[in-house]
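Could you put together the complete structure from these sequences and hints?
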Amino acid sequence: MPELENPFQETLLSRHRAEPCTVVIFGATGDLTHRKLIPAIYNIAACGDLPPQFKVVGFARRDKTDEGFRTELEEGNRKNSRQGHNDELWKSYAQCIHYHRSEFEDLEGYKALGRLLDQFDVERGAPANRLFYLAAAPEAFKPILEMIRAAGLNKGVGDKWARVVCEKPFGKDLATARGLNAVVADTFAEKDTYRIDHYLGKETAQNIMVLRFANSIFEPNWNSRYIDHVQITCAENLGMEGGRGGYYDTAGALRDMVQNHLFQLLSLVAMEPPTDLSADSVRDEKVKVIRALRPLVGPEAVGKNVIRAQYTAGSVDGVSRVGYRQEDRVNPESKTEPFVALRLMIDTWRWQGVPFYIRVGKQLPKKATEISVHFKKPPQVPFATSNMLRNSENTLVIRIQPDEGIALRILCKQPGQAQNVQQVKMDFRYSSSFGKASPEAYERLLLDAMAGDATLFARRDEVESAWKFIDEIEHAWHKSDNPPMMHEYPAGSWGPKEADDLLRADGREWRLL
Amino acid sequence: MSASTLNDSDLGRLGLETPISRIDRALKQLWEGDEAKTRASLINLAIYTEDSSLLASDNDLLDHVAAEHACRALLILALPDAQPPRARAWIQALCRPYQGKQAVCSEQISFVLEGGDAAQVQNIVFAHLDSDLPLVVWWQADLTQHFEERFYSRIDTLIIDSSRWSDPAKQFDALRAAMSAETADFDVRDLAWTRSHFMRTALASCFQDAAALQNLAKLQIIRITHLKSQRPAALLLAVWINQRLGVTLKLELIEKGSGPALQSLVLEGEGVRGEVRRDCDSSFIQVCTSCGQHEHKDLLPADVDSDAELVSEQLSRFHGSTLYSSMLPFVRSMLK
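Chains as they are written, first to last, in the numbering used here: chain Z, 8 to 520; chain Y, 699 to 1034.
No lab work stands behind these hints, which were simulated from the structure alone.
Ranges between beta-carbon positions, derived for each pair: (1) Ala754/Y - Ser322/Z: 46 to 56 Å; (2) Arg1015/Y - Asp434/Z: 23 to 33 Å; (3) Gly990/Y - Gly249/Z: 45 to 55 Å; (4) Asp758/Y - Pro497/Z: 45 to 55 Å; (5) Lys995/Y - Gly249/Z: 35 to 45 Å; (6) Glu495/Z - Leu831/Y: 48 to 58 Å; (7) Asp354/Z - Thr1020/Y: 42 to 52 Å; (8) Asn222/Z - Gly990/Y: 48 to 58 Å; (9) Ser719/Y - Arg511/Z: 54 to 64 Å.
The beta carbon of each residue, even a glycine, is placed where N, CA and C say it ideally should be.
Spelled out as structure tokens, the structure:
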């Protein structure tokens, strides 16, 4: 029987409402569920955007009752909910939360999960969509996906869908990513696979496309004729607090941040206009950027274009910090980089000769993620000396976090008799222009996954192309005979001198954040 | 209405009285005076009223709205019958804290125009806009001769509240005439329609229930309980339901003397019932769908209540829609 359309829904589309759905979270007792996922779903409910007859099932190994699980989550929600915690709403919301205990490798546990989901459908009076969220440790992805398939849960009931959301890291190199993609592909179709990258859920990241393609003043200048270079910085002023060192020391900045978050930002800045805003049109253009990255093959090319470093003892905000190798759960002989700076070239007509500089690091002076587009200087400025124009090119800054916004640096005449030129900044801040707080990235992404919009999720070829590029660098670092050096920088500085030299060699400087 | 009804304490809350010719200079001084303030503006938001008793509440409303929507706010109290003719103005900054200490501010210019005509209102509004930004006007008065073509042809968004109109039939006629004018290109946002948004969302939720959806064709009656003054809101809701269903269901309106503007909505037919109910003191709404033995209940957040919140909500949605204008002929026919 064809599905009936709800006539009352049609005029309310701006609410981004999904159909009845059950979300199953694997790794439900973990930090991500308590800090991000459950508060995100609660806030979606507080905005009235949760699908009707919604259910969440936490799937994990520990013994718990529904009630015990809800109580734990309530505590997490009180601490982490963006819009605060309302007891009346929580009471209603909590009724849709359930707990299912099972080992990840136990097929019977998945069959029992299937029966629970079927029971929800009976209560609803009709089958509902099913979203499986992999928030467990990456090594558990494979058995979970295999068991979902073995239990037959990978197919929707009737005309309803079943989808999977995969948390990062999606593999640790090309081989593992391909292996994981193969397991996912055996279980879910690519259109039903949502690889989450929470950077894409941030308001300013989404605004990059609007800024570029909805304003006629930028796109004509968005090419090698007018743009000198682009910088992307992701600075953290923290180190390995909270036991992060254990995981981080197996990954490093390149794999933990560049392969996913920063390449996503790079793609949005460098992509060609999509033919439409469908998920695949946008992702087609994004993956072309990653494929067009000039490969860095061999230790010489890597050494010349990529700087890796570890922090030594220093201080951030006046507080003493230990060096990276002295951090908790970090190998004292570690060869992992908490800082990396790269010079990348994109071999397309648009970007020929325009370097993209990326830097990401821990224990830097402040927490900030920004993209800055540096325009070329005018060929001649008759009313200014060259000294006045030093470091004064027009710069468009897109602040991703914190203080999301956009700033444009331009030159103006200083008031007075003399023809003095001075830099001024036009600044747009989301928080001061729009009083309402933006939804958390997870709220947007969860709703998108429930509503079937994959635009802000990474596709298989994007992930694999990014790993292919990253693997060459990792290979030069860890498997070559003459690996490029691991540099050092004191905690609280803006990285090693060699990262500054990377730009200085091109006659450029890192932007001061 | 006479000028003598103006309340000095209300006028005192409008900020610094300034000669109209010196408003720009006074605003400049306002910002120069304190470097800790940041001026922000995304729209021009004008409120036009002819009721001096609304001056204080409109002033508070702008303060509330500006906290969420940085704007150049214009508050215009026109008293066409007052004599002798006189025009006065006040300026003030509407500030909210930003990152703990710094203040982000919108600026408000208030006018009291005694005597005068439509041209004076237009001149005052158009002389004090923040250039290149959209103009949103909440016209609180009846759509009389002051609301004329040269004025509304420059408006981007017109906010009205049909529940405030003393003669809704006449006012809907005036609105439709303005909307159909060749030069008119404004979106209309009727707060009476906005008030029903939570009901519509909840109703959509009701009929996401598969069993209820199968039985839509059996619906026979719409029953809406509303505050006495909110009849236009109830009628708009009923017209929308009929439009969505493509039928004309029997309508029962139940008026109440107190409580929320729209208190309950019931759609009922043979063996199927959908109910959306908002209790007086709750910020949530109860949704209940029943179909034979099958029953489904849900709790959804109620939308905003106050005029300030309704206006703020409207300013968050900048996309125009033809839905409202398509309903007007039906609402108008129900008002006969």
